[in-house]
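Undergrad: My request is simple: use the sequences and hints to build the entire structure.
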Amino acid sequence: MAFKPRPNVLLIMTDQHRAASMGCEGDPVVQTPNLDRLAGEGVRFGRAYCQGPLCMPARASFLTERYVRDHGVSQNDWDVPVELPTFVQSLREAGYHTSCIGKMHLYVHGGAKTGPEGETVPRDTRQHEHTLRDLGFVEPLEGVGKHAAKSIRSEYTDYLEAHGLYDQYQHWMATKRYGRGQVEVDGKLVDRLPMWHTESSPLPAHAYIDNWIGRRAVKWIDEYDGQRPFFQWVGFAGPHDPWDAPKDYVDRYRGVDIPLGPLDPPEMAPGSPLAPFLQALQRFGHSDGLSDDVIREVRRFYYANVTLIDERIGDIVAALGRRGLLDSTWIIYTSDHGEMLGDHRMLTKMSFYESSVRIPLIIRPPGPLGGGATDDLVEHVDVPATIREIAGAPALAGSEGRSLQHHFGPTETELTRDVAHSENYGFGMFRTAQYKLVVFEETRHPVQLFDLQLDHDENRNVVDDPAYEDVRENLMRTHVIPFLDAARPVAATRTTAGVQEDR
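Using my numbering, the letters of the sequence shown map in sequence onto residues 5 to 507.
The set of hints was computed from the structure by calculation and includes no laboratory data. Worth double-checking, as some hints may not be accurate.
[Unchecked claim] Only pairs whose alpha carbons sit at most 20 Å apart, straight line, appear in this in silico DMTMM-like list of lysine to aspartate or glutamate:
1) Lys154 - Asp128
2) Lys251 - Asp268
3) Lys154 - Glu143
4) Lys180 - Glu203
5) Lys154 - Asp190
6) Lys251 - Asp195
7) Lys154 - Glu203
8) Lys154 - Glu87
9) Lys192 - Glu165
10) Lys251 - Glu143
11) Lys223 - Asp171
12) Lys223 - Asp297
13) Lys251 - Asp190
[To be verified] Computed Cβ-Cβ distance ranges for the label pairs, DEER-style:
14) Pro470 - His134: 54 to 64 Å
15) His175 - Thr378: 46 to 56 Å
16) Asp474 - Leu267: 27 to 37 Å
17) Gln457 - Asp171: 49 to 59 Å
18) Asp255 - Pro470: 20 to 30 Å
19) Ala209 - Gly259: 40 to 50 Å
20) Ala490 - Lys192: 49 to 59 Å
21) Arg326 - Pro208: 40 to 50 Å
22) Ala399 - Ile485: 49 to 59 Å
23) Ala377 - Gly259: 40 to 50 Å
In this text, a Cβ means the ideal position worked out from N, Cα and C, and glycines have one as well.
TA: What follows is the structure in C-alpha cells.
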C-alpha cells in the first residue's frame, strides 16, 4: 500500500462575522465570491454555534474544545489556563508544524493587573510568544485587534511605523472611544462616539490591518519549506468594529439598497433577570440612535470589511494553488461569534439571538467536493475535534467536540447533536432543531423561548406562554438540567448588568 502523506490544514477565523452576511447564506448584497467558492467546493454548516458570544470565551472554547463553564474564561480579561490541553498541542504532538498569524486573542494583551505585585502585562505581543508556544504554536506571529493596535506593539505596528503611519493611527484610534460623555485626547476633551459611528480609516489601503494580515499569511505559505504537514491559523481583525473599512470598499456599496433585518426590540418581561443585561447591551450599542438609515450605513461599512477580507482569503487560496497544495490542504473558514448589525435595533454580540451566536462555518476538503450544505446542529468545539481527526492527532482530554468528518466520507463514528449550547454572563442557551431556550443558570430560570420554526426572526418570546409550557419543561428536563448538573464548575461571572469593550 502506498504511503499517503497527511494533509495540511488552513484555518481562517475572522472576528465578529455573522453567518448570514455571506452570499452563500443568501445575503443578496454582500460580495463574498471567494467564500462562496469555498462553500461550493466543500460543505457549509448552516446551524453552527459558538460556545460563548464574546471573543475570549469563544476562542478559549475553540482552543480547548471545552464549554465556557469548563475552561473558566468567561470574560475578555481572563487568560486561557495554560494547564488545559489544547487541540494545537495535539497537532504538534502528531508532528504538525503549527503556525498562527494575526489576531488570536487567547490571553490578556495588556492593561490588566497580573502577578503577585500587580504588575502590568507587557504591551507587546512578541513578549508573549512563550504563551502561544505553551498553547501549542511552534511558530507564532501574533497581531491584535483594531482597538488594541493603538497601544499594543506587534509586527503590524512596526510596519505602520516603518511607513510613517503609526502616530497617525494612534491619534485617530484614540478618538474612537465608545460611550457617553467625553474622553481626554492630547490634553483636550472630545466627545465619546456612539458604537454606530462610521468613518473610513485614514490609513492607505496597504496598511489596513486585514490587508496586512492577508499579505503576511500569503508570505508564510509562499516561503514554507518544512518537511512536516502544516497547520496554519490565520486570524483576521475584522469585520469587528470600529466600522472603518477603506473608502474604496465602502463605495462599492453606495447606491445599493441595503436590506434590514428584524427591527422589533427585545421583549423583556418585568422582573426577568435577562432584562438588565439586554438593557445594558442596548446602552452599550447606543440603540436609541439606531434609526433605519444608521443601520444601513453601519451595514455598508461592515459589508465593505467583509468583502476586503474575502479578497484576502482569495489571495491565500491562490497562494496554496501556486504551491500545488490545494489537493493536500483542508481549508476551514469560521468566526469567533456573530454581530447583531442592527437586528432588533442592537449592535455588537453577547446576546443569544441568531445574529450574535450563530457562526459561519465552511469546510473545504482537498480535492474538492462538489459542494453542499447541512442544517445539522454543530458546536464550535466540533471544528477542532474535526481537525484532530483529519490530522490523526491524539485525543484531547476534556474535549466536548464531535468530529464532522462523516460529512466528507465514511467514518467509524457519526455523532450528531440534538442540542447546541452557548453561555455568556451567567446565561445559557440551548438550541434544538426547532426551539431556542435561554436560562439564567444560577436559578435555572427560563428567560427566553423562541419557536424558530414559526418565528425565524425571534420576535416573539413565548417563555411564559401557556401553550408552550410542555415544550419549556421538556427542554429543561431533557437538555438544561443534565447540562447544569454535570460535574462541572459554574462559570464565574461578574454582573449581568454590565458589558465589556472588546479589543
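Undergrad: None of the hints should be skipped; say for each whether it holds.
TA: Results of checking the hints against the structure:
1. Lys154 - Asp128: 11 Å, holds
2. Lys251 - Asp268: Since the Cα atoms of Lys251 and Asp268 sit roughly 31 Å apart, the hinted pair is violated (cutoff 20 Å).
3. Lys154 - Glu143: 24 Å, violated
4. Lys180 - Glu203: Since the Cα atoms of Lys180 and Glu203 sit roughly 10 Å apart, the hinted pair holds (cutoff 20 Å).
5. Lys154 - Asp190: 14 Å, holds
6. Lys251 - Asp195: 24 Å, violated
7. Lys154 - Glu203: 16 Å, holds
8. Lys154 - Glu87: The given pair, whose Cα atoms are some 31 Å apart, is violated under the 20 Å limit.
9. Lys192 - Glu165: Measuring from Cα to Cα gives roughly 25 Å; hence the hint is violated.
10. Lys251 - Glu143: At roughly 34 Å apart (the allowed maximum being 20 Å), Glu143 and Lys251 break the hint.
11. Lys223 - Asp171: Violated, because 26 Å separates the two Cα atoms, which is more than 20 Å.
12. Lys223 - Asp297: 40 Å, violated
13. Lys251 - Asp190: At roughly 26 Å apart (the allowed maximum being 20 Å), Asp190 and Lys251 break the hint.
14. Pro470 - His134: 54 to 64 Å: 58 Å, holds
15. His175 - Thr378: 46 to 56 Å: With Cβ atoms ~47 Å apart, the hint holds.
16. Asp474 - Leu267: 27 to 37 Å: Cβ of Asp474 to Cβ of Leu267: about 31 Å, so the range 27 to 37 Å holds.
17. Gln457 - Asp171: 49 to 59 Å: 55 Å, holds
18. Asp255 - Pro470: 20 to 30 Å: 53 Å, violated
19. Ala209 - Gly259: 40 to 50 Å: 21 Å, violated
20. Ala490 - Lys192: 49 to 59 Å: 54 Å, holds
21. Arg326 - Pro208: 40 to 50 Å: At roughly 26 Å between Cβ atoms, Pro208 and Arg326 fall outside 40 to 50 Å, so the hint is violated.
22. Ala399 - Ile485: 49 to 59 Å: 28 Å, violated
23. Ala377 - Gly259: 40 to 50 Å: Distance hint for Ala377, Gly259 is violated at roughly 31 Å.
When held up to the earlier numbered hints, the structure conflicts with 2, 3, 6, 8, 9, 10, 11, 12, 13, 18, 19, 21, 22 and 23 and fits the remainder.
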